[in-house]
Amino acid sequence: MTVSKISTPEARAQEAIRQVLGTQWDGEPAVRLDSPPGAGKTGVVERLAAQSLGTMNERCMIATQTNEQAFDLARRIATNYPRLNAYLFARKDLATPQDLSALANLTIVRSKDDLPQGPCIAISNAVKWSWLKGSVPSFDLQIIDEAFQLPDYRFQQIVGLARRFALVGDPGQIAPVVTCEIERWKCDKAGPHVACPFALTERFPQVVRLTLPVSRRLVPDTVRFVQPAFYPSLQFEALAAPGSRSLTLTLPVARKPIDAALDIVRGGASLVSVELPPRITGEVDEELSQTIVSIIERLVERRAGLLIGDQPSPVDANSIGVVCAHVSQVSAVRERLPRSLSGVFVETRDRFQGLERPLMIVHHPLSGRADASEFHLDAGRLCVMMSRHCVACWLISRSGVEERLLRHAPAGDRVLGIDVDGEYEGWRAHLYVAQELKGANRVVTL
Amino acid sequence: MAVDLETIARLVAFDKGKAVPIASDLQIVIQPDALVLCCIALAGEDTTVHVVACGSIGKPAEFLSVPDPRFRDDQYDLFAWIGQRIEQYYADCRRRGTHPQIWVSSDAAVKHLDVLSDRLRYNRERADVRRLGELLTYATERFPVGGQQALYAATSALRQHYATGQQAAEDAHLGTLLTWIDPPRKTNILAAVALAEQTPMGMKTDPEFDRTKLDPVVRAYNEARRAGASTAQLKRRAQNIHDALMTVVSPIYDATQAAVEILRTRWPRRLLTAPQLQDREAQEFDNFMQSRDNGFFLPTRDKPKAAALKLTEREIALQTVEAAVCIGDRVALAKARLAGRILEGTIENPRRVWVRPRVFESTFDLISSQRVLRIRPRDELILLTDPRQRVLVRNVERQGRRTRVQLEIIKGKNAVGLPSASSIQVFTPYVPDWNSLTQARIQLAERLAVQPWTHAENGAMPQRVPSQLPEPADLLAAVEALR
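Chains A and B are the protein sequences, given in the same order. The first sequence begins at 30 in our numbering and counts up by one. The second sequence begins at 2 in our numbering and counts up by one.
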């Protein structure tokens, strides 16, 4: 049975998970699972781990990219599978969240000697795993969470710890961060700086590749923009039915110019561009930061609510996220937020990966810029920014982004043998989003 | 925000008509016997050297040219000549237990050396040429590594210390940089810079010079050679070429020497961590030369294990040197403060709370007025003035333009103690750990001792090994039943 012939998105999503689980019973040496944003990657990681220990009686290790991700995963596995014992493997003096200590089936271990010899689920970040010294009983399964953020040279340092591998991640998001100079390996598609799933399938094209076909987070209206812009070769759809998630405004009367941006969302749009008068502002745009805060304040003033399925809930600070390209922009927004709204999560796109909020406000990375550098054009970063919401997202920018893109010719640092041109792909994605939003009358000019 | 500091410095330089210092300490370690090497390639032949100037810092150069580097034997003789000098210099360094340091004019000259080392180290025709390629490889492979002391472009070294009133890309010309640093009196700076730009400072000659000066004399030499001219005639024509090339290479050599001299004499304060940088370079050099002595081959392409080792080393080196510069240099510290990479503020509410017998919790608040901060709860920071103290970020609360950061001391409670109220403290995420590279190498050697199939060279993917356990009818249902 192929996934595409199954009738509903939910059924297709479940069948995809069954396929992933099946690879472990088949004993596939390695599986690469490509997932669109909000498709339930972490849920798959949990299930793979639970199956490995609970039904296959194996030793399973999970490698995350950060300590915070390890904490979150440990919390979820211990909570969702209370009959399975999990181990969080942490540095000797690492402060762990207090709630983890309260979970009866989660043990925090500080030394490899305290890891169980038999079947278990052990969770830690990739760096910690790479610093294991001496002999360690081999794991049957190694799951890499957010695998597209793990460069191959780091994967290589932990790959010897297991015999089977499941690499789970989102191929459309931010590439691994390697700060040093990498000219030496630039022509190598499987080079040490390349995301490990890409490098592995470059060396072994026969590695099983699966995809998750459904985004649980994004609504159909957003998928219609995000999928063609950032995932041209990964087809997926939204689990939510059209119109099943909406923004309500108890005070419907629009009094301020910014209200037009709210009303268009109330009308059913999930992606809206808000444009300020054109101006070259540099990295920090005080007026734009204030506009972001004004949108948040106006949502509260108009007593906005969320309707997700049949569940209504009021919009509060915790329902809103703001994502920016630079830390300085984050600070500019935070310092303008009134104390009552300090719960609004404002962060850079790198730190927003894996997180979501019902309502998101995006500080457009090209706003107020005179140029369009490779960093600001990066498709992965814009993709993260535009895929954190489950109800609606406002992109705030100075007008003229499209014109700037059309003036800019992506020179691209092209390398013989490498087909991927990141700068061009970013430029194409940015232009697609700008033009499609304009074509769909989703641009509100202030 | 660090970019803003540089922009301000450039604006000040533009306003004053003179470059302004952007460092408090000399960021590099200048070897007293460093070698200045200026190679000029023939236009269109980037793997050649038409003329070379070579000499120790503060000393006059030795020059050698070939009439036409497209004649392979002549070219190889020139390479061998350079090789003898570098071999001798490297040998002296080994004898003294130090490391070599080569200075070139610009990043373009570094790239030229890089291409030459790549090309020459596989030469099968002459061992001395191959040896030059190998020796140059040490410098060119070290160049991308943070904190390296083996190869310096004079332009990059000056840019680390001065901001000019021109665009960053224009700083790639050594002549303009030197003009901004020492502008001529009674001359408009921009006019002086425009004049300086007329003189080539990279590894290529000026096209106009090629057309009007060099091409005619090279052509004359080649015609004479084809016509079977006497040795004396050829020598005379070769001298014409040499004389023409000297007008190009001499100013570059002199400018490179001038750059070194400026750094050597006007920056008396050395970075605190200079000795560690030197020691590391000497160790790297010794390892490299021992590998050559043992006959190990220098690969063109890294296998996965070597690539992992090298990339890890580069990442660690970069992190270490950034932390080191931040500790030593006041301007670097200011940049880090503006960029939010360090946390600086006034201490409030230092308190020591009894938890249980002989266990106390030491906490305090830090009020920072930094507009940009890159910290979040559960981050660990180190006290800049005494790295024995480590703190954990408990909470970060933005209060308008100020930020209140709640910190808990997790190391150094007794050795360093609680900071006093109203004192100003600086915390950093990293301090330089000069042992980390060695530790990482040992760990990597252990971790990568056996190459698994995923990274084995030409390895085969293992066969599937299906589970021997009875497979549930519905795999998803079986997992859900575990909840």
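Warning: the hint list may mix true and false statements.
[To be verified] Cβ-Cβ distance ranges computed for the label pairs, FRET-style:
1) A:Pro261 / B:Val432: 56 to 64 Å
2) A:Ser140 / B:Asn436: 44 to 52 Å
3) B:Thr439 / A:Glu385: 40 to 48 Å
4) B:Asn436 / A:Asp400: 38 to 46 Å
5) A:Arg332 / B:Thr8: 52 to 60 Å
6) B:Gly460 / A:Pro257: 55 to 63 Å
7) A:Ala469 / B:Ser370: 37 to 45 Å
8) A:Arg238 / B:Thr8: 53 to 61 Å
Hints are computed from structural coordinates only; laboratory data are not their basis. Glycine included, C-beta positions come from ideal geometry on N, C-alpha and C.
Evaluated hints:
no. : hint                            : in the structure
1   : A:Pro261 / B:Val432: 56 to 64 Å : violated (45 Å)
2   : A:Ser140 / B:Asn436: 44 to 52 Å : violated (21 Å)
3   : B:Thr439 / A:Glu385: 40 to 48 Å : holds (42 Å)
4   : B:Asn436 / A:Asp400: 38 to 46 Å : holds (42 Å)
5   : A:Arg332 / B:Thr8: 52 to 60 Å   : violated (44 Å)
6   : B:Gly460 / A:Pro257: 55 to 63 Å : violated (38 Å)
7   : A:Ala469 / B:Ser370: 37 to 45 Å : holds (44 Å)
8   : A:Arg238 / B:Thr8: 53 to 61 Å   : violated (46 Å)
Of the hints listed earlier, those the structure fails to meet are numbers 1, 2, 5, 6 and 8, in rising order.
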